[in-house]
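Residue numbers (this note's numbering), protein chains in the order written: chain W, 1 to 334; chain S, 335 to 524; chain B, 525 to 726.
It should be emphasised that the hints constitute simulated quantities derived from the structure, not laboratory data.
Hints may be right or wrong, so weigh each one.
[To be verified] Quick list of in silico lysine to aspartate or glutamate cross-link-like pairs, EDC-like style, CA-CA up to 16 angstroms: (1) B/Lys629 <-> B/Asp657; (2) S/Lys453 <-> S/Glu377; (3) S/Lys453 <-> S/Glu379; (4) W/Lys109 <-> S/Asp378; (5) S/Lys470 <-> S/Glu442; (6) B/Lys597 <-> B/Asp657; (7) W/Lys326 <-> W/Glu274; (8) S/Lys470 <-> S/Asp460; (9) S/Lys470 <-> B/Asp644; (10) S/Lys470 <-> B/Asp645; (11) B/Lys600 <-> B/Asp657; (12) W/Lys109 <-> S/Glu379.
[As the list claims (entries may be wrong)] On the chain S side, residues computed to face chain B include the following (Cβ under 10 angstroms): (13) Asn406; (14) Thr462; (15) Leu465; (16) Met513.
[Stated by the list, open to error] Only part of the chain S face toward chain W is listed, based on derived beta-carbon distances under 8 angstroms: (17) Leu381; (18) Val393; (19) Asp412; (20) Arg477.
For each residue, glycine too, the CB sits at the ideal point set by N, CA and C.
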Amino acid sequence: MTEAVAKRRFFLWRHLNKLRWVSLTTIFVMLIALPYIHVYQTFVAAHAYDFLAPSEKQLYDVVEFFTAPLSNDPAEDLDAIKGTIWAGTFFGFKLSDPLAALGQISASKGVYLPLLISALVPIGLTLVFGRFFCGWICPATLLYELNTNFAAILNRLGFPMRRRHFDRRLKYLVLAIGVVLAAMTGSALMAAVYPPAIIGREIYYAIALGGFGAGAVFFVFTLLFDLLVARRGFCRYICPGGALYSLLGRYRLVRIQRVVEDCNDCAKCNAVCEFGLDPLRDGFGQECNNCTACIAVCPTDALTFRMRLQDQPDQGPGHLGRHYRKCSATREAA
Amino acid sequence: MKRRNFLLALQAGAVALALPKFAHAARRRFSLRYLRPPGSLPEDEFLSACIRCGQCSEVCPNRCIEYFGFENGLASVDTPYIIPREKGCILCMKCGDVCPSGAIRPIERELEPILEGVKMGRAVVDETLCLSFQGKSCGVCYRACPLPDIAITVGMMEQPHVTDQCVGCGLCERSCIQMPQAIRVIPNHD
Amino acid sequence: MQPRTLLKQIAAGTGTVCAVIGALVWSPAWGHHVLGRPAYALNEDSNTPPALQLEVQIGDYFVTSMVFPAFPKSGKPTRVHLYARHLDDGTPYTGEVRFLVRDDKWFADEPELLGVQPPDDYVFRQGMVFSVDGNYIISAEFEANGEPYVIDFPLRVGRPAPIGPLGFALGTIIIVLVGVSVIQRRRLLTARIRHEHQDARS
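Using the sequences provided together with the hints, build the complete structure.
Below, the structure written as structure tokens:
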């Protein structure tokens, strides 16, 4: 017992989950702010302040207030950050989702090197951190997790939500079908069913082009699917991007692992896991997105980060749990 | 509201065609007249290269680039287009710089590369509508052209004549004071 | 003064004037349209209000129809222009065009006749004033070679609702999701854990 207390895990890991929420919120706010900045830039470029409608003048003033300290020439300087999570430009450096590169390669049956290069940074990070994109960056994750909370509240209020389970390998099939269809139609179709791409695009459409498109309707359906059919069902079973990231992150270096000596079998980790994994029995696998929700909820700090290429096999019941004590008692008696 | 409204209008036209009552009148297929951004690949290659990231519109200082819904078929959902009568391209060439997919190739913003690489379409004057050809000297399209005397020349009564150098930016169509416009850009991508 | 020097002076003067004009004409600042200068078409109050346009290929004709202004208001004069051009030989249609208007709803009343217009320089122009804001459909009907042609043109009069039904639905969803999560954040974790355990048991 004393030994376990002495080996307390690095204290900051518990708070990573908060940092994750900050990251998700920041990205979502940026996705809303960028279209407004773009609209402001077009007003600046047109030298048309006097022709603007009152509401547009208001927008101009507000954005100018926030961006004036950052730029001398808004029409040019504010081009530094453009795009969405799907593909963006960051101070001249281009970043794209690996799924975008894969989609283009399958649709055009050729390789456009700059696009592939722009996907290298996310690919490299995924090789090290696994499917972290799904938990830390994807703007849809923010809404999906809030949606999970909503389902829990509805359940508490007496409206039980169905929670069906499907085969998690379904999403790899979706990815494969997407690649084949893209090759057959010559068009990157997966962009139309990939929530992070949809969200960035639809927010832009709504703010700068005056109305949501079909993608918004699709996204609402995924929310309803998650709420009424399966918890986080889209990410767990359908998302082609999640499938690609899972495959890339199969041999990730940074993993969450259970310290069996500290575990008391409370199973809170399994309850909070959005992807329905099984940390209690060391079942992380390639699906884990290192979101750290299980670390944050663990009452005995029995979950921590480890650098290794594979999960440990099932370590049996936690040493602080009732089951293990019963077993050891019988063992001693024998 | 503006763009969506406009496309609704186009769709409604298509619906009118599809009604069985007028089926015998609809012998030819309804098609949209739109331009791809400057420097775009030919249509088929464009569709397979574009990853639908939406950055081309986000850098466009003239906000002339919009995105398709289902109006133009499933393959071109979320791909960029320009309707020149609504807003023409000002040839700033930022969209080619920002495009990560190579669907819009980067072109330097100089006269020679633009004449060489931009082939959005070509303007065509409808002489039955053009005011200058009706004896009312106008010349607005010539003044709107970013490449005057290269892409468009004017003759007597400022009658416009489009040359082969026209890149199809659509600023002339945007500025035409006749309603409907007497100069139209015929897209190059078909 | 000798005629030769006079000639020289005239030539020099003309040359200078030409050079100045030439310099003005060729310097970029004198260009008709500076590359990269955006067109002003920002909203209905800007100096060049856009027109709403419909282009459609129907039967033998390519029909262009336009409404001016693009953002019509009730009580203000509005015009519809129509121009039809034969697809094969490019000759404009020169018969008469009937313009009708009806409400844009599922079970609309009988359309109201706006007028029958002869061509004016090949363009058919119909003026009108809407008394009530709303959604309308303008139909233009004409007959060519014994075939009827009908072109429908939806038109919004007055300002549309700032948020459409889809925007409203999405806004509500996001507000509910965020609101619930923020207000109930303490109870949520226990609720989720209990929920999951119930699930595992059942």
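Quick rundown of the hints versus the structure:
{"no.": "1", "hint": "B/Lys629 <-> B/Asp657", "in the structure": "holds (14 angstroms)"}
{"no.": "2", "hint": "S/Lys453 <-> S/Glu377", "in the structure": "holds (12 angstroms)"}
{"no.": "3", "hint": "S/Lys453 <-> S/Glu379", "in the structure": "holds (15 angstroms)"}
{"no.": "4", "hint": "W/Lys109 <-> S/Asp378", "in the structure": "holds (12 angstroms)"}
{"no.": "5", "hint": "S/Lys470 <-> S/Glu442", "in the structure": "violated (38 angstroms)"}
{"no.": "6", "hint": "B/Lys597 <-> B/Asp657", "in the structure": "holds (7 angstroms)"}
{"no.": "7", "hint": "W/Lys326 <-> W/Glu274", "in the structure": "violated (31 angstroms)"}
{"no.": "8", "hint": "S/Lys470 <-> S/Asp460", "in the structure": "holds (15 angstroms)"}
{"no.": "9", "hint": "S/Lys470 <-> B/Asp644", "in the structure": "holds (15 angstroms)"}
{"no.": "10", "hint": "S/Lys470 <-> B/Asp645", "in the structure": "holds (12 angstroms)"}
{"no.": "11", "hint": "B/Lys600 <-> B/Asp657", "in the structure": "holds (11 angstroms)"}
{"no.": "12", "hint": "W/Lys109 <-> S/Glu379", "in the structure": "holds (10 angstroms)"}
{"no.": "13", "hint": "Asn406", "in the structure": "violated (14 angstroms)"}
{"no.": "14", "hint": "Thr462", "in the structure": "holds (5 angstroms)"}
{"no.": "15", "hint": "Leu465", "in the structure": "holds (9 angstroms)"}
{"no.": "16", "hint": "Met513", "in the structure": "holds (5 angstroms)"}
{"no.": "17", "hint": "Leu381", "in the structure": "holds (5 angstroms)"}
{"no.": "18", "hint": "Val393", "in the structure": "holds (6 angstroms)"}
{"no.": "19", "hint": "Asp412", "in the structure": "holds (6 angstroms)"}
{"no.": "20", "hint": "Arg477", "in the structure": "violated (18 angstroms)"}
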